[in-house]
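Trainee: Each chain, letter by letter, is given below.
There are 2 protein chains.
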Amino acid sequence: MIWEILMAMSFQPPKGTCDLLPDKMILRGIIVDGIRRVFENYGYEPMETPAFESCPLLEIKCGEDIREQIYKFKDKGGRDLGLRYDLTVPLARVVASNPQLPKPFKRYCISRVWRYEKPTATRRREFFQCDVDIVGSPDPISDAEVVAVAADCLEALGLSNFLVRLNNRKILEGMLEYVGVSGDRALDVFRAIDKLAKIGREGVKGELRKIGVAPPASSKLLDLICKEGEPKGVLDYAKGLLKGITAAEGGCRELELVVSHLKRFGLPEERLRVDLSLARGIDYYTGPIFEVIMEGDEDVGSVAGGGRYDTLIELCGGRATPATGISLGVDRIAEIIERRRSLPVPRIIAKVFVAPADDSMRSEAVAIVQELRRGNIASDIDLAKRRLAAQLEYASKRGFPYAVIVGKRELQQGSVLLRDMTARTQRIVKRDKLVEVLRGLVTPKG
Amino acid sequence: MIWEILMAMSFQPPKGTCDLLPDKMILRGIIVDGIRRVFENYGYEPMETPAFESCPLLEIKCGEDIREQIYKFKDKGGRDLGLRYDLTVPLARVVASNPQLPKPFKRYCISRVWRYEKPTATRRREFFQCDVDIVGSPDPISDAEVVAVAADCLEALGLSNFLVRLNNRKILEGMLEYVGVSGDRALDVFRAIDKLAKIGREGVKGELRKIGVAPPASSKLLDLICKEGEPKGVLDYAKGLLKGITAAEGGCRELELVVSHLKRFGLPEERLRVDLSLARGIDYYTGPIFEVIMEGDEDVGSVAGGGRYDTLIELCGGRATPATGISLGVDRIAEIIERRRSLPVPRIIAKVFVAPADDSMRSEAVAIVQELRRGNIASDIDLAKRRLAAQLEYASKRGFPYAVIVGKRELQQGSVLLRDMTARTQRIVKRDKLVEVLRGLVTPKG
Chain A
1 MIWEILMAMS
11 FQPPKGTCDL
21 LPDKMILRGI
31 IVDGIRRVFE
41 NYGYEPMETP
51 AFESCPLLEI
61 KCGEDIREQI
71 YKFKDKGGRD
81 LGLRYDLTVP
91 LARVVASNPQ
101 LPKPFKRYCI
111 SRVWRYEKPT
121 ATRRREFFQC
131 DVDIVGSPDP
141 ISDAEVVAVA
151 ADCLEALGLS
161 NFLVRLNNRK
171 ILEGMLEYVG
181 VSGDRALDVF
191 RAIDKLAKIG
201 REGVKGELRK
211 IGVAPPASSK
221 LLDLICKEGE
231 PKGVLDYAKG
241 LLKGITAAEG
251 GCRELELVVS
261 HLKRFGLPEE
271 RLRVDLSLAR
281 GIDYYTGPIF
291 EVIMEGDEDV
301 GSVAGGGRYD
311 TLIELCGGRA
321 TPATGISLGV
331 DRIAEIIERR
341 RSLPVPRIIA
351 KVFVAPADDS
361 MRSEAVAIVQ
371 ELRRGNIASD
381 IDLAKRRLAA
391 QLEYASKRGF
401 PYAVIVGKRE
411 LQQGSVLLRD
421 MTARTQRIVK
431 RDKLVEVLRG
441 LVTPKG
Chain B
1 MIWEILMAMS
11 FQPPKGTCDL
21 LPDKMILRGI
31 IVDGIRRVFE
41 NYGYEPMETP
51 AFESCPLLEI
61 KCGEDIREQI
71 YKFKDKGGRD
81 LGLRYDLTVP
91 LARVVASNPQ
101 LPKPFKRYCI
111 SRVWRYEKPT
121 ATRRREFFQC
131 DVDIVGSPDP
141 ISDAEVVAVA
151 ADCLEALGLS
161 NFLVRLNNRK
171 ILEGMLEYVG
181 VSGDRALDVF
191 RAIDKLAKIG
201 REGVKGELRK
211 IGVAPPASSK
221 LLDLICKEGE
231 PKGVLDYAKG
241 LLKGITAAEG
251 GCRELELVVS
261 HLKRFGLPEE
271 RLRVDLSLAR
281 GIDYYTGPIF
291 EVIMEGDEDV
301 GSVAGGGRYD
311 TLIELCGGRA
321 TPATGISLGV
331 DRIAEIIERR
341 RSLPVPRIIA
351 KVFVAPADDS
361 MRSEAVAIVQ
371 ELRRGNIASD
381 IDLAKRRLAA
391 QLEYASKRGF
401 PYAVIVGKRE
411 LQQGSVLLRD
421 MTARTQRIVK
431 RDKLVEVLRG
441 LVTPKG
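Chains A and B, in that order, are what the protein sequence lines are.
My numbering puts the first residue of the first sequence at 1, with every later residue one more than the last.
My numbering puts the first residue of the second sequence at 1, with every later residue one more than the last.
Chain A extracted, bound-state conformation:
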């Protein structure tokens, strides 16, 4: 037994990854189906790209931190490959090399990405992202739409108390100009600011010093950007401060438009914040940026994030093409729903366990289970030649809501026993009414 434990321990999922056993996967399925439904309702079409890409592609505009996090390898042909760290760069590659796609091109992708990060309770090295992107529209209505999609996904999953944090890289660039930091340092500064929640103000100041932004400029910058609240107030503050810095003024106007479009899309204004310290950690953003957090579960981190990236497609070899998008994190959404127990999650997908009362009933039991399955009633049958009591114990352990007991006496009268495993009651049902009766029981109401 010790040896068994040692052996089993030697094969665990690789560090930072995890298995999703059925008890976890059923909720995942509900989340992903709900998100996909909203994505499709908004007119996004599905697309998939390979799990790995050429390294030089992945390293375009990923920024130093992400560059360190890419899983890199050579294939046997000597190609430098890396597991994708997001779904946006592969999209940019596809758009760059498929100029025939009608624009705006709206696609969704629900798939895995990988980053070699320090694993925490809510941060893994392999995680599932659900992305929507709009390629080919420079208009702030598109930024607003992707945020509205994310908000609708959360609503659909019963997570209404979200907060959308908005900012614009152009405003941050204006802030740098205001405190006299060269625009060349902008991306380094943004990556430092992005760590504010993680390493605190002094930590960020340390990072800034490393890249040549010392106090008092760094303190002043942090003072200026630590401003967060309802959109109008914060944007008025930014506009006042940055008057005359044309790009930043444009950035403020863009955010005003994003906010007004969001309201038209139906987002309650009290769910919107402008947060001038929001920076996002990836280098490809060029305009509005956004993050969504859940009130009361801020410690999980953002459940969605994204922004506008108007130069990435050209950098990937395509025509200059504006684009914006957002990504929902399945793992964090699942974590929050599990914590809150806010969605009813069945223990098992199958509904019915068919149990032959003895060996002479097995053929008939197979006939019955096949009838149920072909009638779209998810059903299972004993495959271990167990006695009836052991079969029902197994059915109860797995959580089947119903069992059908196929006994000789009932069958001779053209019937079977239908057992409600939760109520622990049973009744006789005519064999030829069984599919109909069970369909009535297992079909979701409404």
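A hint or two may mislead.
[To be verified] Label pairs and their calculated CB-CB ranges: (1) Ser260(A) x Arg339(B): 49 to 55 Å; (2) Ala390(B) x Gly183(A): 35 to 41 Å; (3) Ala390(A) x Arg439(B): 44 to 50 Å; (4) Asp310(B) x Ala121(A): 33 to 39 Å; (5) Asp420(B) x Ala390(A): 55 to 61 Å; (6) Ser342(B) x Asp358(A): 42 to 48 Å.
[To be verified] Computed cross-link-like contacts, DMTMM-like style, restricted to lysine to aspartate or glutamate with a CA-CA straight-line distance of at most 20 Å: (7) Lys72(B) x Asp310(A); (8) Lys74(B) x Glu117(A); (9) Lys263(A) x Asp359(B); (10) Lys15(B) x Glu68(B); (11) Lys263(B) x Glu371(A); (12) Lys385(B) x Glu256(A); (13) Lys15(A) x Glu117(B); (14) Lys76(B) x Asp65(A); (15) Lys61(B) x Glu117(B); (16) Lys263(B) x Glu364(A); (17) Lys72(A) x Asp80(B); (18) Lys24(B) x Glu338(B); (19) Lys385(B) x Asp310(A); (20) Lys408(A) x Glu364(A); (21) Lys74(A) x Asp75(B); (22) Lys227(A) x Glu177(A); (23) Lys205(B) x Asp65(B).
What the hints contain is simulated information worked out from the structure, not anything from laboratory work.
All of these numbers come straight from a predicted model, not from anything done at the bench.
Here a beta-carbon is modelled for each residue, glycine too, at the ideal position from N, C-alpha and C.
Mind docking chain B on chain A? Use the hints.
Mentor: Frame of chain A; chain B shown alone:
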């Protein structure tokens, strides 16, 4: 333009992989949804494991050919990792380290795997597998069930003219004993035989010679196993030949039981073949093995394959646990359906494009599209501020079946124009009846 083409060419999907643009993905979605439905109807529960595993795990019983095909890399912590080459080994690891799972444990997994093979039209380095496995049942009824599941999946996708090829590793082992080849060479011999369709009889003889099985033994072996046909005839032949070789006789009996269970599960007998040359290329199989091909599309290769692997879980550090499973290949199924044009595949998932007739109608158009979306009618709206004619051209290019034109005159009368993009007709619909009317039009009949 030349430069643009060169740049775009420099970022292609890595060799042996491909992008699945929406036109391909819509069919994929139909296939995967259909397969998942059948899997769930048969009582399998969803499970996911990481894309990569530790190399030593992957190399357990994979066999030499697969070992050469694993994408290997070290993570930054120096761990030896590899992309999984199938979904079975990760399952075995999970079962080994989770002895609490109730048995039989039935799980499905629909996900990607990777093998560094020579890419062909129907063989890629990244591909999608749909697996069902039954862990904990040694009974041939379980082998029959997984084959029945695969057959039902194909039926559900309109692919009824499949052929199931069956064999048993125990019969092949008996053949080796019969021709006087040591059992130690069995796995090497099976890998050679597995290449029969690919490299032909002389090729296999060459491979066999390399591993020390020279003529006349190799010729005799090939003569004996090249026997294929309806189950009873071939199994009678094998039983006659291998009389007295106990394990092989047991293997024949197992296949007889698999066949009789398959008939009870409802598979037409004329779809079943026993093919004594079927070997399967992976080392972990221990008993019945199976492959499914489509008549008329044999060149695509098998669309499903699997078998029993009764020792793998113990080799992964768990208790000795019998298991069997089958894997459907999404890519090949898609290829066949595309060739045959045998399923109706819509050009686009979204149904309705909402087009404001001019800029003053944009707010109202947003209100309408949000109403449709929240009513689960997949809809899109102009995001590019185009004029009406350009909007309708875009809607037609993308293939929307319907457009809603929001014009000032109609709106003043509480109406909009509903355009059938296929029939090129339009009619006036009351604004407050629009969701209802469109739901009637876009809901699938029956």
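Trainee: Quickly compare the C-alpha distance for lysine 72(B) and aspartate 310(A) to 20 Å and report which way the hint goes.
Mentor: violated, 35 Å
Trainee: Would the pair lysine 263(B) and glutamate 371(A) pass a check requiring their Cα atoms to be no farther apart than 20 Å?
Mentor: Within the cut-off at roughly 14 Å; holds.
Trainee: Given the hint that lysine 263(A) pairs with aspartate 359(B), does the C-alpha gap stay at or below 20 Å?
Mentor: holds, 18 Å
Trainee: Please verify whether lysine 15(A) and glutamate 117(B) have alpha carbons no more than 20 Å apart.
Mentor: At roughly 28 Å apart (the allowed maximum being 20 Å), glutamate 117(B) and lysine 15(A) break the hint.
Trainee: Against the 20 Å threshold, does the CA-CA distance of lysine 72(A) and aspartate 80(B) hold or violate the hint?
Mentor: OK: lysine 72(A) and aspartate 80(B) at ~13 Å, within 20 Å.
Trainee: Hinted pair, alpha-carbon criterion (20 Å max): lysine 385(B), glutamate 256(A). Please report holds or violated.
Mentor: holds, 18 Å
Trainee: Straight-line Cα separation of lysine 205(B) and aspartate 65(B) no greater than 20 Å?
Mentor: Given that 20 Å is the threshold and the Cα spacing comes to 17 Å, the pair holds.
Trainee: Does glutamate 177(A) sit within 20 Å of lysine 227(A), going by the straight-line distance between their CA atoms?
Mentor: Given pair lysine 227(A), glutamate 177(A) holds - Cα atoms ~17 Å apart, limit 20 Å.
Trainee: Below or equal to 20 Å on CA atoms is what counts here, so check lysine 263(B) against glutamate 364(A).
Mentor: Cα-Cα ~13 Å, so holds.
Trainee: Is lysine 408(A) close enough to glutamate 364(A), meaning Cα to Cα at most 20 Å?
Mentor: Roughly 10 Å separates the two Cα atoms, so the pair holds.
Trainee: If you draw a straight line from the CA of lysine 74(A) to the CA of aspartate 75(B), is it 20 Å or shorter?
Mentor: holds, 13 Å
Trainee: With 42 to 48 Å as the target window, see if serine 342(B) and aspartate 358(A) comply at their CB atoms.
Mentor: Because 44 Å falls inside the window, the suggested range holds.
Against the hints set out earlier in the document, violations occur for numbers 7 and 13.
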